[in-house]
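> Input sequences plus hints: build the corresponding full structure.
Protein chains: 2
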Amino acid sequence: MKLGDLSEAQLVSHFRESFPRGERTIIGIGDDCAQVGAPEGSFIVTTDVMVEDQHFHLSWSSGYEVGERVAAQNLADIDAMGGRPSALVVSVVAPRDMDADVFLDVVRGLGDRAREAGAGVVGGDLSAGEKLVVSITAFGYCPGPVVRRDGARPGDVIAVSGTLGFSYAGLDLLEGGHVVPSARGVEELGELEPFVRTYRSPRPPLGSGVAAAGAGARAMMDLSDGPAADATRMAAASGVVIDFDRPSIEEEAWKLQGPALICRADPVRWVLQGGEEHGMLAAFPPDVQLPGGFRAIGRARECAAGETPCAMFDGEVLRGAWDHFSSDSVD
Amino acid sequence: MKLGDLSEAQLVSHFRESFPRGERTIIGIGDDCAQVGAPEGSFIVTTDVMVEDQHFHLSWSSGYEVGERVAAQNLADIDAMGGRPSALVVSVVAPRDMDADVFLDVVRGLGDRAREAGAGVVGGDLSAGEKLVVSITAFGYCPGPVVRRDGARPGDVIAVSGTLGFSYAGLDLLEGGHVVPSARGVEELGELEPFVRTYRSPRPPLGSGVAAAGAGARAMMDLSDGPAADATRMAAASGVVIDFDRPSIEEEAWKLQGPALICRADPVRWVLQGGEEHGMLAAFPPDVQLPGGFRAIGRARECAAGETPCAMFDGEVLRGAWDHFSSDSVD
Chain R
1 MKLGDLSEAQ
11 LVSHFRESFP
21 RGERTIIGIG
31 DDCAQVGAPE
41 GSFIVTTDVM
51 VEDQHFHLSW
61 SSGYEVGERV
71 AAQNLADIDA
81 MGGRPSALVV
91 SVVAPRDMDA
101 DVFLDVVRGL
111 GDRAREAGAG
121 VVGGDLSAGE
131 KLVVSITAFG
141 YCPGPVVRRD
151 GARPGDVIAV
161 SGTLGFSYAG
171 LDLLEGGHVV
181 PSARGVEELG
191 ELEPFVRTYR
201 SPRPPLGSGV
211 AAAGAGARAM
221 MDLSDGPAAD
231 ATRMAAASGV
241 VIDFDRPSIE
251 EEAWKLQGPA
261 LICRADPVRW
271 VLQGGEEHGM
281 LAAFPPDVQL
291 PGGFRAIGRA
301 RECAAGETPC
311 AMFDGEVLRG
321 AWDHFSSDSV
331 D
Chain H
1 MKLGDLSEAQ
11 LVSHFRESFP
21 RGERTIIGIG
31 DDCAQVGAPE
41 GSFIVTTDVM
51 VEDQHFHLSW
61 SSGYEVGERV
71 AAQNLADIDA
81 MGGRPSALVV
91 SVVAPRDMDA
101 DVFLDVVRGL
111 GDRAREAGAG
121 VVGGDLSAGE
131 KLVVSITAFG
141 YCPGPVVRRD
151 GARPGDVIAV
161 SGTLGFSYAG
171 LDLLEGGHVV
181 PSARGVEELG
191 ELEPFVRTYR
201 SPRPPLGSGV
211 AAAGAGARAM
221 MDLSDGPAAD
231 ATRMAAASGV
241 VIDFDRPSIE
251 EEAWKLQGPA
261 LICRADPVRW
271 VLQGGEEHGM
281 LAAFPPDVQL
291 PGGFRAIGRA
301 RECAAGETPC
311 AMFDGEVLRG
321 AWDHFSSDSV
331 D
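Taken in order, these protein sequences are the chains called R and H. When you line the first sequence up against our numbering, it's residues 1 to 331, in that order. When you line the second sequence up against our numbering, it's residues 1 to 331, in that order.
Since the hints were made in silico from the structure, they are not lab data. Don't be surprised by glycine CBs; every beta carbon is placed ideally from N, CA and C. A hint or two may mislead.
[To be verified] Below, in silico cross-link-like pairs of lysine-lysine (DSS-like), each with a Cα-Cα straight-line distance of 25 Å or less:
#, chain 1, residue 1, chain 2, residue 2
1, R, 131, H, 2
2, H, 131, R, 2
3, H, 2, H, 131
4, R, 2, R, 131
5, R, 131, H, 131
[Stated by the list, open to error] Using C-beta positions, here's what the derived DEER-type ranges look like:
#, chain 1, residue 1, chain 2, residue 2, range
6, R, 23, H, 39, 17 to 27 Å
7, H, 247, R, 26, 34 to 44 Å
8, H, 9, R, 307, 30 to 40 Å
Following this line, the structure appears as structure tokens:
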């Protein structure tokens, strides 16, 4: 069945079944606006758009995984402020001749991830178009202090939560033809399963941002574009230099040895440049006990004379933020 | 110059110039999330997506008008709850080979409308893609009661603010070839200017929703799909029948006589079925003095025995909500 064969009523009814209402939802789907509680007197908000054949391929990812992925990256942005998600809204552009089951799977994946995180899906919009485009806006609230990216100070420990480079390794395994795109699960993928799965549908360590905020993190971001690019941003915002620690990075790279041998790739590069896993990058005061799941991977220091804020590895300034139109983000 | 020739830094700097910050913005563009004040303890939220060649044609509308239009329809949704806008976020998908000036005009149009309404633009995302897609999520707060669409009661006066059928007339003028698509302003378009302009860039009577809420409106929606479809929705949500008043509808149709003669179209149809103008449709208690700009166009009554809630004109049940995938909206 094609998407165009479903009536609006059928689609809306599917949305209502797949989407959680959310504890903070006062008015849900069905009016001109939804209404969401914000007893703290403010809310935090983030938005992301994912485009077919730019951010994902439906031949490599299931519809369910696409829905999960766009939910995960928005929920990670909320976590990265030390926040908990309250609600999200979603706009979907989809071709009329798209397989209706794939479309409904996108909706289900998104709804399941929102439900698991405690967020309601309170509104949306739907349009026909040539390629699948999924745009999510997520809202949240901060139980404690709001953690920005500009608070790292000289001496701070730079630490991460979540996996590093798994998604990039998974992408290279798929792009290199080392994995059959349709292969799923441990039976078919064996030891490569974690990498391919992380590419298809990252599982960010949601809640580690809230824990880091509680432990006194002074600066935090989620790892959207990888440690090199994101640490460069944190360094620039905070006016410090971030030195990555080689043994710590090599310890991360060690976890990628299997796929690195298969792809003949440098796992250190995967670790430093791999994004879309959405773990946390946080700066902690030097005396803080790191919350569970965080590993120290570097340290912040003052800029030397004539030096500008940057991230460094092995004495070299790392390439900064991506400057590709295809993966840019305003925020 | 093509969009792909601009660097991320240039684009972000353009966004910062074009986008208002907003009085309620605590953290603006530049971190994982923005933070927006909500001292009322809740916020209202709406989202809309507009797709090139589905909702607009860049040969008929300027980039600026496209930006204005998507802002206007979201701001009208906020108004339709009796709310004032606080902030919005925007995601744009655009082809790399798009004319950079057209793209920057979209951003400017959107920013100007947000600024005029008092809303900040606090975040966004940008991706390459084959067609221009603009997705906006807008937030607001209600200074008084939140007005839903389900509160109309038998005896209520059904009234509208804003123009009716102007956008539909403008579309028919363009589709019928009666107007040169590139023609702009009164000099070139003469008396047809208001209709073509309203199609290209509607100017909803923002604030009339807040005024209606203050005057005691019991149900309200913005006119997205036209009085027939939207009154059908209000009737269904409220469990009443809405009878349109023929003389009042004819008075509205009279304003469309010029284009109706040119297009050989029925202006009553334009009035009843024309959407995308985003005036307000509201139900007021019978004794209320209508706020400025509102005209009564009908009345709500109880369903007769065996009758289901609906909107009627001239003794006939009007066709309900659009059931086209291309223009559907979850909310």
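> Can you confirm whether the C-alpha distance between residue 2 (chain R) and residue 131 (chain R) stays at or below 25 Å?
Holds, at roughly 14 Å.
> Does the Cβ distance between residue 23 (chain R) and residue 39 (chain H) fall inside 17 to 27 Å?
Check passed, 21 Å falls within 17 to 27 Å.
> Mind checking the hinted window 34 to 44 Å against the Cβ distance between residue 247 (chain H) and residue 26 (chain R)?
Once the Cβ atoms are compared, 40 Å apart, the range 34 to 44 Å for residue 26 (chain R) and residue 247 (chain H) holds.
> Taking only the CA atoms, is the gap from residue 2 (chain H) to residue 131 (chain H) under or equal to 25 Å?
Distance ~14 Å between residue 2 (chain H) and residue 131 (chain H) Cα, so the pair holds.
> Per the hint of 30 to 40 Å, is the separation of the Cβ atoms of residue 9 (chain H) and residue 307 (chain R) within bounds?
Violated, since residue 9 (chain H) and residue 307 (chain R) (Cβ atoms, about 21 Å apart) do not stay within the stated range.
> Could you grab the alpha-carbon distance between residue 131 (chain H) and residue 2 (chain R) and see if it respects the 25 Å cut-off?
Within the cut-off at roughly 22 Å; holds.
> Is the hinted pair residue 131 (chain R) and residue 2 (chain H) satisfied, with a Cα-Cα distance of at most 25 Å?
22 Å, holds
> Next pair to validate is residue 131 (chain R) with residue 131 (chain H); report whether the Cα-Cα distance is within 25 Å.
At roughly 9 Å apart (the allowed maximum being 25 Å), residue 131 (chain H) and residue 131 (chain R) satisfy the hint.
Hint compliance for this structure: hint 8 is the single one not met.
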